[in-house]
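Chemist: Sequence:
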Amino acid sequence: MDINIVAIQPIVALIAGILILVMPRLLNFIVAIYLIFIGIVGLLGPGGVENIGQRLGL
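Under full-length UniProt numbering, think of the first position of the sequence shown as 1, with each following residue one higher.
Keep in mind that the hints were calculated from the coordinates and are not lab data. Only true hints are included.
Between beta-carbon pairs, the in silico distance windows are:
(1) PRO24 <-> LEU44: 24 to 32 Å
(2) ILE11 <-> LEU43: 18 to 26 Å
(3) VAL22 <-> LEU43: 27 to 35 Å
(4) LEU44 <-> VAL22: 27 to 35 Å
(5) LEU21 <-> LEU44: 23 to 31 Å
(6) ALA32 <-> ILE11: 17 to 25 Å
(7) LEU44 <-> ILE15: 14 to 22 Å
Don't be surprised by glycine CBs; every beta carbon is placed ideally from N, CA and C.
Let's have the full structure, built from the sequences with the hints guiding it.
Modeler: In structure tokens form, the structure reads like this:
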């Protein structure tokens with residue numbers, strides 16, 4: 001099964017939003033995790049791990 005990264009981002013955002021509504025004290029933690037997730041997805045992108053060196057100029 002091939003999961004598209006673009007399809008995962010809205011699901012993660014919805015889960016994070018629901019958790020923030022239910023437990024507002026987790027806001028900083030949830031935002032930090034979300035930003036790390038988006039950063040990793042942005043680095044990996046469509047080519048995945050194979051092209052990360054090329055994108056970083058290595």
